[in-house]
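> Sequence:
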Amino acid sequence: MIHTVIWITYVTIIFYVLYCGRADDITVYTGIAVGLVIGEGLILLLFRGSCPLTLMARQYSKRRAIYQSF
1 MIHTVIWITY VTIIFYVLYC GRADDITVYT GIAVGLVIGE GLILLLFRGS CPLTLMARQY
61 SKRRAIYQSF
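FYI, the numbering for the sequence shown is 1 to 70, going by the UniProt record's numbering.
One or more of the hints may lead you astray.
[To be verified] The following label-pair restraints were derived from C-beta to C-beta distances:
#	residue 1	residue 2	range
1	TYR29	ALA57	29 to 37 Å
2	ARG48	TYR10	13 to 21 Å
3	LEU46	VAL5	16 to 24 Å
4	ARG22	LEU42	19 to 27 Å
Honestly, the hints are just simulated from the structure, not real lab data.
Every residue gets a Cβ at the ideal spot worked out from N, C-alpha and C, and that includes glycine.
Construct all of the structure, not just a fragment, from the sequences and the given hints.
Here it is as structure tokens:
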């Protein structure tokens, strides 16, 4: 559930950045949104493309394979 909420938040942020660029309405909030997207990219790069929540879920799962839909 938490993974879905985080995913929806980041999709919203990405669309917000696209909207700001299209509407030529660049504000401080646009910069914050871009920083969050870059931060997400760095986290995914650090964890070799896997979500850190998936790695934590593996610790509590009896199965070896954890389905990651993104």
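> Each hint needs a verdict: does it hold in this structure or not?
We went through each hint and held it up to the structure:
Separated by about 32 Å at the C-beta atoms, TYR29 and ALA57 satisfy the suggested range of 29 to 37 Å. For ARG48 and TYR10, the Cβ-Cβ distance of about 19 Å falls inside the hinted range of 13 to 21 Å, so the restraint holds. Judged by the Cβ atoms, the range 16 to 24 Å given for LEU46 and VAL5 holds: they are separated by roughly 21 Å. Checking the proposed 19 to 27 Å range against ARG22 and LEU42 shows it holds: the Cβ atoms sit about 26 Å from each other.
This entry satisfies every hint, going by the numbered hints stated previously.
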